[in-house]
Amino acid sequence: MIEQIICAFFGTLAFSLIFGVPRKYFLTCGIIGGISWGVNLAGIHYAKMSPVIAIFCATICVALLARIASVYNACPATVFIISGLIPLAPGTNLYWTVYYLVTDQLPNALSSGIEAIKLVVAIVLGIALVFELPNKLFTVLFSRRKDRA
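All residue numbers for the sequence shown refer to my numbering, where the first residue is 2 and numbers rise by one.
It should be emphasised that the hints constitute simulated quantities derived from the structure, not laboratory data. Among the hints, a few may not be true.
Per label pair, the in silico range of CB-to-CB distance [what the hints assert, rightly or not]:
1. P108 <-> R24: 45 to 51 Å
2. N136 <-> P23: 18 to 24 Å
3. Q106 <-> E4: 28 to 34 Å
4. M50 <-> C8: 17 to 23 Å
For glycine and all other residues, C-beta sits at the position ideal for the given N, C-alpha and C.
Generate coordinates for the entire structure from the input sequences, incorporating the hints supplied.
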């Protein structure tokens, strides 16, 4: 599990480089990506959650960390949330969906495609849930400025 979290950290770090994240935020993005994968793995393996629920919980974690990091660093949350969600992207499910479509295995394609849609919906709902929290909550608790708006 530790190896996977480290790989998620470096994968997120590499994506941050490609995505054009400012260099001073690389470490934060990598940490958020590693934590997101760790929460996902812990949910699946230790809490025995379904992959959809585990990704939902990991997405909530990413969105919270992204909002905290954005307020603390005074930059947009998008920088951290997109990078942090990279390990959770349902790329494998999408790959198998297309593979099964091309090889004319339609029942498998449908099953894999529905699973990918469930994962994407879990990610969207997790982001929406956290971004409904008032911005002032994060500003008051995590801002480095003295006047704290």
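Results for each hint:
1. At about 47 Å, the beta-carbon gap between P108 and R24 stays in the expected band of 45 to 51 Å.
2. A hinted range of 18 to 24 Å for the beta carbons of N136 and P23 is consistent with their spacing of about 22 Å.
3. A hinted range of 28 to 34 Å for the beta carbons of Q106 and E4 is consistent with their spacing of about 32 Å.
4. At roughly 21 Å, the beta carbons of M50 and C8 sit within the given window of 17 to 23 Å.
The structure meets every hint from the earlier list without exception.
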